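Q: Sequence:
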Amino acid sequence: MVNSQGYARFRIEAPDAQSVVVSLGLGGTKGGTPLTKTKDGSWMGTTAGPMDEGFHYYHVTIDGGVFNDPGACNFYGSTRWESGIEIPAHDQDFYALKDVPHGNVQQFFFPSKSTNSVRRAFVYTPPSYDKNVNQRYPVLYLQHGWGENETAWFNQGHANLIMDNLIAEGKIKPFIIVTTYGMTNEIKFGGLRNFDIKPFQTVLTEELIPYVDTHFRTKADQAHRAMAGLSMGGMETHMITLNKPEVFSYYALLSGGLYKPEEIKDKSKVKLIFISCGSKERPDGVKNAVAALKEAGFNAVSYISEGTAHEFLTWRRSLHELAPLLFTK
1 MVNSQGYARF RIEAPDAQSV VVSLGLGGTK GGTPLTKTKD GSWMGTTAGP MDEGFHYYHV
61 TIDGGVFNDP GACNFYGSTR WESGIEIPAH DQDFYALKDV PHGNVQQFFF PSKSTNSVRR
121 AFVYTPPSYD KNVNQRYPVL YLQHGWGENE TAWFNQGHAN LIMDNLIAEG KIKPFIIVTT
181 YGMTNEIKFG GLRNFDIKPF QTVLTEELIP YVDTHFRTKA DQAHRAMAGL SMGGMETHMI
241 TLNKPEVFSY YALLSGGLYK PEEIKDKSKV KLIFISCGSK ERPDGVKNAV AALKEAGFNA
301 VSYISEGTAH EFLTWRRSLH ELAPLLFTK
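Using our numbering, the letters of the sequence shown correspond one by one to residues 1 to 329.
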């Protein structure tokens, strides 16, 4: 449970255990909360301080073994399924489940000759998609972060609810979102140092995008295609948009690096560069990068999520700010 000050209290049933610790953050990087055994055999404890608003991963270590909390939902992060906790945010209304028309999120599978496999993706189609069968839509290809997978943006990120609410408020033009797994092989901790973008770039640009354009009612051209990603997904976005400038017209890095003006050889078809991060990350770098892009003549926008770090509230807010800027030209 979470109190009004943002402290999280945990209760775990483990009557025969000698030690129970709750570890917070992706991979438990935000430290542990030792629990104390009560008279009834359960273990209880409260975080040492209030947690940042928004979503956080956590797991439980019982006598050295790592487990998920059986009383909580699981979310894929840290290259494994982790428990998750939601700390109510003061601005959570923009990703709340409301009584508005809702789009659909569906799983689909597409063939990948380059990886000799069948791969999975998810697609969000807006509420109007099934009502007007003649209408076509732009597409945002939205990538997850390291250790996560194609479920992250809809489960942890609430991307579909953010879209539904923005559409209901008349703040955006409806578009499709596609998410897919951003790896083609197993990556362990520290493995990103040797990450090669080319295999995934092939999957995305030569296999997934043609499949989506064939099986969904898309506007299948560069002018109506965007790519964005959080953290590692931002790194992928940065590399792919530079390597394949003919594919996308809208670029967005969410806590995922920076663009330099000299990296982009032809700015004529780049309609937007959006760069964001949390105020607890490196906001000055984001602001300076966007200032340089603007000076070079790019339509560039920065967004800083106040009071957040490298976490999903930063990226939910970033998507909320990004979406109204897409496909406006």
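Everything labelled a hint here was simulated from the structure, so no lab data went into it.
Everything numeric in this text was worked out from a predicted model, so none of it was measured.
Don't take each hint at face value.
In silico DSBU-like pairs for lysine-lysine, Cα to Cα no more than 35 Å straight-line [said to hold, decoys possible]:
no.	residue 1	residue 2
1	329	265
2	265	294
3	198	329
4	267	244
5	198	113
6	271	329
7	198	98
8	294	271
9	98	271
10	244	329
11	113	271
12	244	219
13	280	265
14	260	280
15	131	265
16	329	269
17	198	131
18	113	171
19	294	260
20	269	171
21	39	173
22	219	265
23	265	287
24	98	113
Q: Are the Cα positions of residue 131 and residue 265 separated by 35 Å at most?
A: Not OK: residue 131 and residue 265 at ~41 Å, beyond 35 Å, violated.
Q: Does residue 219 sit within 35 Å of residue 244, going by the straight-line distance between their CA atoms?
A: Distance ~18 Å between residue 244 and residue 219 Cα, so the pair holds.
Q: Does residue 269 lie within 35 Å of residue 329 when you go C-alpha to C-alpha?
A: holds (11 Å)
Q: Does residue 265 sit within 35 Å of residue 219, going by the straight-line distance between their CA atoms?
A: holds (25 Å)
Q: Residue 113 and residue 271: Cα distance at most 35 Å?
A: Since the Cα atoms of residue 113 and residue 271 sit roughly 32 Å apart, the hinted pair holds (cutoff 35 Å).
Q: Sort out whether residue 131 lies within 35 Å of residue 198, counting only the CA atoms.
A: violated (38 Å)
Q: If you draw a straight line from the CA of residue 269 to the CA of residue 171, is it 35 Å or shorter?
A: holds (24 Å)
Q: Is residue 329 within 35 Å of residue 265, Cα to Cα?
A: holds (21 Å)
Q: Verify the proposed pairing of residue 113 with residue 171, using a straight-line Cα cut of 35 Å.
A: Judged against 35 Å, a Cα distance of about 39 Å means the pair is violated.
Q: Is the Cα-Cα distance between residue 198 and residue 113 35 Å or less?
A: holds (14 Å)
Q: Need the status of pair residue 267, residue 244: alpha-carbon distance at most 35 Å?
A: Cα-Cα ~13 Å, so holds.
Q: Assess, step by step, whether the Cα of residue 260 is no farther than 35 Å from the Cα of residue 280, and give holds or violated.
A: Satisfied, since the Cα-Cα distance of roughly 22 Å is no more than 35 Å.
The structure fails hints 7, 15, 17, 18, 21, 24 (numbered hints given earlier, in ascending order).
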